[in-house]
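Trainee: We have chain A; now place chain B onto it with these hints.
The chain contents come next:
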Amino acid sequence: MLLLTCPYCGVEADETELTPGGEAHITRHGAGANDDDFETYLFMRKNPKGVHFERWRHAFGCGKWFHAARCTMTLEVFGTYSGQTFEPPKTLINKIKKKRPDWEGFVK
Amino acid sequence: MSNAVSALQDAVFKGSVTIKDAGLQGMITLRGDLSSDALAKAVKTATGTAIPETGCINSGKKGAAAWMSPDELLLLVDYAQAETIVAKLDKALAGTHMLASNVSDARAVFTIEGKGIRDVLAKGSPADMSAGTLGINTLRRTRLGQLPVAFWLGSETTATVICFRSVGEHVFNWLSTAAQKGSLPGHYT
Chain A
4 MLLLTCPYCG VEADETELTP GGEAHITRHG AGANDDDFET YLFMRKNPKG VHFERWRHAF
64 GCGKWFHAAR CTMTLEVFGT YSGQTFEPPK TLINKIKKKR PDWEGFVK
Chain B
90 MSNAVSALQD AVFKGSVTIK DAGLQGMITL RGDLSSDALA KAVKTATGTA IPETGCINSG
150 KKGAAAWMSP DELLLLVDYA QAETIVAKLD KALAGTHMLA SNVSDARAVF TIEGKGIRDV
210 LAKGSPADMS AGTLGINTLR RTRLGQLPVA FWLGSETTAT VICFRSVGEH VFNWLSTAAQ
270 KGSLPGHYT
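Listed in order, the protein sequences are those of chains A and B. This note's numbering applies: residue 4 is where the first sequence begins, and numbers increase by one. This note's numbering applies: residue 90 is where the second sequence begins, and numbers increase by one.
Rather than coming from a laboratory, the hints here were simulated on the basis of the structure. C-beta atoms are modelled at their ideal positions from N, C-alpha and C, and glycine is treated no differently. Treat the hints with care, as some may be off.
Covered stretches of chain A (in silico footprint by chain B; criterion: 3 or more residues with CB under 8 Å from a CB of chain B, positions within the stretch not fixed) [stated by the list, open to error]:
no.	segment
1	4-13
2	17-24
3	64-70
Here chain A stands alone, though its shape is the one from the complex (with noise of 0.2 Å):
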């Protein structure tokens, strides 16, 4: 069971009251990207063992969309963070290179 804070209400949410959207900090080319870019954006995703960025979205509950941080197999949460952003905290990735030393840290 995933429980998330979410960043904008305080509240600790239940997965069950949230809405997935996959990996964050995606740049999203657009209209006069060449080729390869439009394929990165559209089709290429990280599936890391471990730290992992995500975009949720608490569904049920204010309605705003946020970014957290956990660990793919441990399912440990290492932080959430506001939506209007293009790169984690530095206080957060801080935070995991302590828990997690071997990471490779934030690769956009």
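Mentor: Below, chain B without anything else, positioned relative to chain A:
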């Protein structure tokens, strides 16, 4: 004009707790900048309360204001006054990025009374119903079964549940089933 009725027309179920259709309740969805003074003033005029803290509901003499999301409030007002209040909000907040809409007839409201209210709601919702997390006047938007609802406790023995009117009958039946006599686990009582 047609005769306005609430979703379940004053239905009552008496089991381990009492579930009642709350009757006609004026409800206004208000979206805007919750940190602005103009909005705070408009809410004060409409309901007599201050803007609620995150995840809370404030009750006043004329009504109540519930925090729904970082940019949305639900104002509970007198049913007959709802349209007038929407017009006043539109006027008071004109020129700002806002929306006020009368949703009185789009929602159903139930009150639950009795000692087992936390147990009844916990049967269908993943929300932590313990007093530490869900205190008095904490508004929790969550699901009941598979339906979105919002509820809050006015006291340890009274709760109010709001859901979409289209599923009002289902929610009432669902709550009635969950409140059958002798069926409460007694986890919170």
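Trainee: Work down the list of hints and note, for each, if the structure agrees.
Mentor: Against the structure, the hints come out as follows:
Using a Cβ-Cβ cut-off of 8 Å, 3 residues of the segment 4-13 of chain A lie near chain B, which meets the minimum of three, so the contact claim holds. Figure legend: the segment 17-24 of chain A, annotated as covered by chain B; annotation consistent (3 residues with Cβ-Cβ distances under 8 Å, at least 3 required). Here's how the segment 64-70 of chain A fares: 4 of its residues keep a CB closer than 8 Å to some CB of chain B, so the rule of at least three is met and the hint holds.
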